[in-house]
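From just these sequences and the hints, can you work out the full model?
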Amino acid sequence: MEPESNQIALDDWTIRLIGIPFFGLVIPSATGLVQLAGTPPLAIALHYAFFIFIAFAVWQGNRFLLFRNYPVIYNSQSLFQKYLLMVGLNIFYSAPLALMLLFGWKWAAHMDGVTGSQLLNTTVLIVVCVIFVTNIYEKALYGKQIEMENVKVEQLERARVQAELEALKNQIDPHFMFNALNSISFLVDHNPAKAHQFIQNLSEVYRYILKSKDKDLVLLREEVAFMKAYASLMELRHEDAFQLNLGLEEKAYSEYLIPPVSMMVAVENAVKHNEVSRSHPLEVRIRQYGESLVVTNRISQRKTAAASTKTGLVNLDERFVKILGKKVGINQADGLFSLELPLLKLNK
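1048 is the number of the first residue of the sequence shown in my numbering; add one for each residue after it.
Derived from the structure by calculation, the hints contain no laboratory data.
Ideal Cβ placement from N, Cα and C applies to all residues, glycine included.
Please note that the accuracy of each hint is not assured.
Heads up, simulated DSSO-like pairs for lysine-lysine below, C-alpha to C-alpha not over 30 Å straight-line [stated by the list, open to error]:
| no. | residue 1 | residue 2 |
| --- | --- | --- |
| 1 | 1373 | 1262 |
| 2 | 1369 | 1275 |
| 3 | 1319 | 1241 |
| 4 | 1350 | 1392 |
| 5 | 1298 | 1258 |
| 6 | 1241 | 1275 |
| 7 | 1262 | 1186 |
| 8 | 1262 | 1298 |
| 9 | 1374 | 1392 |
| 10 | 1275 | 1374 |
| 11 | 1369 | 1199 |
| 12 | 1275 | 1186 |
| 13 | 1319 | 1373 |
| 14 | 1241 | 1199 |
| 15 | 1262 | 1275 |
| 16 | 1258 | 1373 |
| 17 | 1369 | 1319 |
| 18 | 1350 | 1262 |
| 19 | 1298 | 1186 |
| 20 | 1350 | 1199 |
| 21 | 1350 | 1241 |
| 22 | 1262 | 1199 |
| 23 | 1373 | 1350 |
| 24 | 1275 | 1392 |
| 25 | 1319 | 1260 |
| 26 | 1199 | 1186 |
| 27 | 1350 | 1258 |
| 28 | 1260 | 1374 |
| 29 | 1260 | 1392 |
| 30 | 1369 | 1392 |
Simulated restraints on C-beta separations [unchecked claim]:
| no. | residue 1 | residue 2 | range |
| --- | --- | --- | --- |
| 31 | 1193 | 1110 | 14 to 22 Å |
| 32 | 1115 | 1377 | 55 to 63 Å |
| 33 | 1128 | 1195 | 17 to 25 Å |
| 34 | 1200 | 1345 | 42 to 50 Å |
| 35 | 1163 | 1104 | 14 to 22 Å |
| 36 | 1095 | 1135 | 44 to 52 Å |
What follows is the structure, given as structure tokens:
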């Protein structure tokens, strides 16, 4: 991945405020260019001020070169190539600059006792210090670059998951409306009064779907209230042949979150795949076990298979995985079909 070095911000003011004067004072003292004994205080101050200026020019220049060339350094094919490039930049810039400034200092300050060998040794020491400091900078830049890339990857992954989640959410509406319109069509032919009531209840249910469309999670209280309204639609459609049995403790309503409309999808699945008639009534039970809701119905399969849009349980499972990181549990045994819907407990 190509690093965006111009976007990397290093808070290095402190290290520069300390490091530049430090090297400006230590290097001339270590190499004997500045002798304290017998030198007037003003001259000592001027000497050190000039060496601090040299340290500033060398530090800032190498910092600029590192930042400017970091994309090339970062994408080096090998560790050897990376360090060869860094050291080459350090020597190419630091050595000529240091030598020029040091000889200028010798001439301007009339330092006839300072030899060319001393100036050369000082230049070598400056380059060594530059390589050391540049290596520290490179490690900091590398860490920042990796951090930026991780954030970018996380943002892209989050955007991808959100896009997939929105696509899954958008599949709920057509599926729900398809079933609702079938119900209205049936009631209009058989019971116009109930058809009118069904349409009113449908508007309340659809209002919740629109309201929760942009939410990943809702309070269990909201979902239960929605399910009661949805159950009234099913009761109008199937009369005494459908019953929703909600056996949840009310204190759980404000303690848990659940993906919106997920309970409806679970109940729809039961209605879709089982016979719902007076001779074969369908009861759907919803209970809480730990941090899950279990939706259960007795299996009474239709004589003719219902048409499938293939968005039901697969859609539901994918939504739970993307939102909660947990799969929907499916169990079929002893003539019962159960769906386990994970809940998210609120931290209070």
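So, going through the hints one by one against the coordinates:
Straight-line distance between C-alpha atoms of residue 1373 and residue 1262 comes to about 18 Å, which keeps the hinted pair within the 30 Å bound. At most 30 Å may separate the alpha-carbon atoms for a hinted pair to count; residue 1369 and residue 1275 meet this at roughly 26 Å. Restraint check for residue 1319 and residue 1241: the C-alpha separation of about 21 Å stays at or below 30 Å, so the hint holds. Straight-line distance between C-alpha atoms of residue 1350 and residue 1392 comes to about 41 Å, which puts the hinted pair past the 30 Å bound.
Between residue 1298 and residue 1258, the direct Cα distance comes to roughly 24 Å. Compliance with the 30 Å bound is thereby established for this hinted pair. Of the pairs offered as hints, the one joining residue 1241 and residue 1275 holds, with about 17 Å between alpha carbons and a cut-off of 30 Å not exceeded. Between residue 1262 and residue 1186 the CA atoms are separated by roughly 42 Å; this puts the pair beyond 30 Å, and the hint is violated. Restraint check for residue 1262 and residue 1298: the C-alpha separation of about 22 Å stays at or below 30 Å, so the hint holds.
About 16 Å separates the Cα atoms of residue 1374 and residue 1392, which keeps this hinted pair within 30 Å; it holds. The suggested pairing of residue 1275 with residue 1374 holds, with an alpha-carbon distance near 25 Å, which does not exceed 30 Å. Annotation: proposed proximity of residue 1369 to residue 1199 holds, straight-line Cα distance about 19 Å (limit 30 Å). Between the alpha carbons of residue 1275 and residue 1186 the distance comes to roughly 60 Å, so the proposed pair goes past 30 Å and is violated.
Note on residue 1319 and residue 1373: the hinted pairing holds, with a Cα-Cα distance of about 25 Å set against a maximum of 30 Å. Our distance criterion of 30 Å between C-alpha atoms is broken by residue 1241 and residue 1199, whose separation comes to about 54 Å. For a cut-off of 30 Å, the pair hint linking residue 1262 to residue 1275 stands: about 20 Å separates their Cα positions. Under the criterion of a C-alpha separation no larger than 30 Å, the hint pairing residue 1258 with residue 1373 is consistent with the structure, at around 24 Å.
A hinted pair counts as satisfied when its Cα atoms are at most 30 Å apart, and residue 1369 with residue 1319 qualifies at roughly 25 Å. With a CA separation close to 38 Å, the supplied pair residue 1350 and residue 1262 exceeds the 30 Å bound. Distance restraint check for residue 1298 and residue 1186: the Cα-Cα separation of roughly 53 Å exceeds the 30 Å cut-off, and the hinted pair is therefore not satisfied. About 53 Å separates the Cα atoms of residue 1350 and residue 1199, which puts this hinted pair outside 30 Å; it is violated.
Annotation: proposed proximity of residue 1350 to residue 1241 holds, straight-line Cα distance about 27 Å (limit 30 Å). As the CA atoms of residue 1262 and residue 1199 are separated by approximately 24 Å, the hinted pair is consistent with the 30 Å bound. With a CA separation close to 34 Å, the supplied pair residue 1373 and residue 1350 exceeds the 30 Å bound. A threshold of 30 Å between alpha carbons decides the hint, and for residue 1275 with residue 1392 the separation of about 22 Å falls inside it, so the pair holds.
With a C-alpha separation of about 23 Å, the suggested pairing of residue 1319 with residue 1260 holds against the 30 Å cut-off. Proposed proximity of residue 1199 and residue 1186 is supported: the alpha carbons are some 20 Å apart, at most 30 Å. For a cut-off of 30 Å, the pair hint linking residue 1350 to residue 1258 is broken: about 37 Å separates their Cα positions. The suggested pairing of residue 1260 with residue 1374 holds, with an alpha-carbon distance near 21 Å, which does not exceed 30 Å.
Between residue 1260 and residue 1392 the alpha-carbon distance is near 21 Å, which keeps this suggested pair within the 30 Å criterion. Taking the CA atoms of residue 1369 and residue 1392, the gap is about 17 Å. The hint holds against a cut of 30 Å. For the hinted restraint 14 to 22 Å between residue 1193 and residue 1110, the CB-CB distance of approximately 20 Å keeps it satisfied. One distance hint, 55 to 63 Å for the beta-carbon pair residue 1115 and residue 1377, holds here, with the actual separation near 58 Å.
Between residue 1128 and residue 1195 the beta carbons are some 23 Å apart, a value that agrees with the proposed interval 17 to 25 Å. The beta-carbon spacing between residue 1200 and residue 1345, approximately 47 Å, falls within the hinted interval of 42 to 50 Å. In this structure the hint that residue 1163 and residue 1104 lie 14 to 22 Å apart at CB holds, the actual value being about 21 Å. In this structure, residue 1095 and residue 1135 break the distance hint of 44 to 52 Å, their C-beta atoms being roughly 30 Å apart.
Hints 4, 7, 12, 14, 18, 19, 20, 23, 27, 36 from the earlier list are contradicted by this structure; the remaining hints agree with it.
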